[in-house]
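Colleague: Chains A and B, in that order, give the protein sequences.
Heads up: the first sequence is residues 91 to 322, going by my numbering.
Heads up: the second sequence is residues 23 to 331, going by my numbering.
Certain hints may be false.
The calculated label-pair distances, taken between Cβ atoms and stated as ranges, are [said to hold, decoys possible]:
| hint | chain 1 | residue 1 | chain 2 | residue 2 | range |
| --- | --- | --- | --- | --- | --- |
| 1 | A | Val307 | B | Ser245 | 29 to 35 Å |
| 2 | A | Val307 | B | Cys268 | 48 to 54 Å |
| 3 | A | Lys314 | B | Asp31 | 37 to 43 Å |
| 4 | A | Pro269 | B | Asp159 | 39 to 45 Å |
| 5 | A | Pro302 | B | Asn192 | 34 to 40 Å |
With the Cβ distance kept under 10 Å, some of the chain A side facing chain B (calculated, not the full set) [stated by the list, open to error]:
| hint | residue |
| --- | --- |
| 6 | Ile154 |
| 7 | Gly164 |
| 8 | Thr199 |
Don't read these hints as lab results, they were simulated from the structure.
Just so it is clear, the structure is predicted and the values come from calculations on it, not from any experiment.
Glycine included, each C-beta is placed from N, C-alpha and C at the ideal position.
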Amino acid sequence: MSGHKSRSLAVFLITGMLVAGMLTATILTKSWSLFTITILGAALFFFYMDFEYSPASAREIGLIAVLGTIAAVGRVPFSALPGIQPVTFMVITTGFVFGPRAGFMVGSTAAVVSNFFLGQGPWTPWQMLSWGLAGTTAGLVRNRWPRPGSAGRVLFCFAWGYLYGWIMNTWFWTAFVHPLTWKSFLATWAASFWFDTLHALGNAGFYLILGPRMIKVLARFQKKLQVELSDP
Amino acid sequence: MLEHLFYEDKGVLLQNLHSTAILGYLAVFFTLALLFSHPLYLAGIFLVGALAVVTAEALEKWEAYLKAGLWMALLVMLINPLVFHAGKTVIWRSPALPLLGNVSICLEAICYGAAMGIRLLAVLTIFCLASAVVHPDKFLSLFSRFAYKSALVVSLATRMLPAAARELANAREMLQLRGVDFAAGNLKERLKKYSRLLDILLLASLEGALQTAEAMQARAFGSGPRSCYRRELWRPRDLLCLTAGCLALVFSCYARVKGYGDYNYYLQLGVLVPNPASLILLAGILGSLALPLVLSWGWKHWPYLRLKI
Chain A
91 MSGHKSRSLA
101 VFLITGMLVA
111 GMLTATILTK
121 SWSLFTITIL
131 GAALFFFYMD
141 FEYSPASARE
151 IGLIAVLGTI
161 AAVGRVPFSA
171 LPGIQPVTFM
181 VITTGFVFGP
191 RAGFMVGSTA
201 AVVSNFFLGQ
211 GPWTPWQMLS
221 WGLAGTTAGL
231 VRNRWPRPGS
241 AGRVLFCFAW
251 GYLYGWIMNT
261 WFWTAFVHPL
271 TWKSFLATWA
281 ASFWFDTLHA
291 LGNAGFYLIL
301 GPRMIKVLAR
311 FQKKLQVELS
321 DP
Chain B
23 MLEHLFYEDK
33 GVLLQNLHST
43 AILGYLAVFF
53 TLALLFSHPL
63 YLAGIFLVGA
73 LAVVTAEALE
83 KWEAYLKAGL
93 WMALLVMLIN
103 PLVFHAGKTV
113 IWRSPALPLL
123 GNVSICLEAI
133 CYGAAMGIRL
143 LAVLTIFCLA
153 SAVVHPDKFL
163 SLFSRFAYKS
173 ALVVSLATRM
183 LPAAARELAN
193 AREMLQLRGV
203 DFAAGNLKER
213 LKKYSRLLDI
223 LLLASLEGAL
233 QTAEAMQARA
243 FGSGPRSCYR
253 RELWRPRDLL
263 CLTAGCLALV
273 FSCYARVKGY
283 GDYNYYLQLG
293 VLVPNPASLI
303 LLAGILGSLA
313 LPLVLSWGWK
323 HWPYLRLKI
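Isolated chain B (complex conformation):
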């Protein structure tokens, strides 16, 4: 269960980028999903995100994210029409309800809810992509220069978690062999049985923490200024992906300044494409975001390109 959503090395291009390049690219993706409210822009970002997930061979992970995301998107689509009734296109007016009175369901609020549902799915897709292509160690190493204590705490805990889960399973088995039935009894009795498990885990792990600390001290931890060694290389592929992200950001800022990324939901739905330039800019943004995905395809199928980037 623990390994299900954890990082798996699949050898795709997005996993072989410099951490600055891939995190920069993902940060642009995330910012754009929050920046725009136009349904076409949001749908475009979601589609490129979906394509990126396919490129990263993380469909199994995405399924788990979508299962949770669809319920949340449904909630978003439900809350918006229930709290905003001032839209001009009333679809249905309820009879007088206790506390709420007459509730009007407007088309505008439904459309806004649907667009925000797409935004939510886009954001979840970006996080799914991040967990599929960024190794936790790579991510934490970025912070090790200026926040080494915090990075060390998280790094240690990430390493310890699978071991602690195994230790918990072993302790449970041991107690079961001694006749403890975890399924028997009411909730209070079962929690008491689990408290023994917690005791074992706590005592064993805390003793382990002291040993870890001794090992750290034996390796001169905290004895003076730290040195830092980086194994990651900056390659042409990193520059290309980061440039693609920056290009998408520049196009987006321009679209935002011109008002193309906005959409008027209230009080009446606006025109979907008021200016053809809006679609051209959208194509520019999506094209820039999709550039690393095209490179990823080339990386897989074209050895010459793989060699050059």
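Looking at chain A on its own, in the form it has when it is part of the complex:
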């Protein structure tokens, strides 16, 4: 077995044992907040490992970093407005053009990088997962239906306004609310309903006004990435 493979196996084994240990501790202590954080950590780990073992070139890495930066910059001027932010729409657009892996990386990078400047918190890993999943699902939708049409894309952006809010509510609900029932979940969801609605409307608005142009620019760069020089 090569050194690279044995190191990868060691990383997987150690992480697996850590996750198993934390899950056991969770079951013993009945701490649902620790349980959700363990699941979240494991999910992020596997998404990142998928990117690590992909044959991503320097161009792809540079492109993902730049798109993550632009999404993060887009977040800064809107940080004072509750719910309205262009990150979700940008991540979804990236997923539509570059596929699920790039979509996840751009979403999670935008979350972690923007929070270095806007403030890291317990929300950071959840934002990484939420935006990452928005990009991933956009890529998966593109793989399944390559031409969903403008209405389909607007609907998708709108739906992610609510989905993002529900995922973000999970940590709040499991860590700070008791008992964990449908009633308490609905109360938490109701508390964030207006923020989620503004987010969903903002996503749809951003896509309608900025989406087609952004897709055109990104598609052009995707073609540039695929250019290969062959020997004469």
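Since the structure of chain A is already known, use the hints to place chain B on it.
Modeller: Chain B in isolation, oriented as in the chain A frame:
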């Protein structure tokens, strides 16, 4: 605005620890805040966290965190009494409300909400401390050995963000000089004006990404196995801080096994201190967590100690 919450080097001990030591210490802090539900334990963790923030000279950052945290804590205190009505000490019973019926507000749910509010503030304080004492590069370098592509993406993006923000401001100024008024028009018109800004930023940055990729390839990126160089040294201060964190974790596990870290909120509030050993263990946990802060004070005021650790 961008630099407001970013890492600032203030030369305090917590900023001069090995990344493994400081992240281990912070991870213990965070785990303890989620592990305990006893109000005294939660309040103790919050107070030591506050002391750590003061030691790290990050009061300005903490203020921003507390502003956001207090609203969230208020929400926690509001939701809990509204969703749980089975407590034995009913303080107020509402008249029949549409959909909800008679809502009973119980003392137990209010106390649980207050304790969870303290937990939330403690967690936010720990994250504020982390952002004040851990440089993003130090944090990312930990992952560079086994996840170098992801670490590189985040590292590149962190470097590019202030430059991209400046580029955005420059493009905005340039458009304003050409007569574009970003404040005029309805929301749709203003968004259209902003879309031009996005265009400029996208095209300039994507071209820049290709140049970055060429520079990476010119430096042999991806041509073979990577080597790794670490500049960080493991010093006695790292061992002391990590040991303090581990000690706090051991005391906490013992407290948890003995049931001291738990508190019975429902159906009736339990006794706050059922056993004096609970307070002794709490003192042990807080003392262990505070040890790096005492060292930090010594590091600042006692040159001999600074030399030795």
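Colleague: Each hint should be assessed against the structure and marked as holding or not.
Modeller: Each hint tested on the structure:
Judged by the Cβ atoms, the range 29 to 35 Å given for Val307 of chain A and Ser245 of chain B holds: they are separated by roughly 31 Å. Between Val307 of chain A and Cys268 of chain B the C-beta distance comes to about 51 Å, which sits within the given range of 48 to 54 Å. About 39 Å separates the C-beta atoms of Lys314 of chain A and Asp31 of chain B, a value consistent with the hinted range of 37 to 43 Å. About 43 Å separates the C-beta atoms of Pro269 of chain A and Asp159 of chain B, a value consistent with the hinted range of 39 to 45 Å.
About 26 Å separates the C-beta atoms of Pro302 of chain A and Asn192 of chain B, a value inconsistent with the hinted range of 34 to 40 Å. For Ile154 of chain A, the shortest C-beta to C-beta distance to chain B is roughly 5 Å, which falls under 10 Å, so the interface hint holds. The criterion of a C-beta within 10 Å of any C-beta in chain B is met by Gly164 of chain A, whose closest approach is roughly 8 Å, and the hint holds. Taking 10 Å as the C-beta cut-off, the interface hint given for Thr199 of chain A holds, the closest approach to chain B being about 5 Å.
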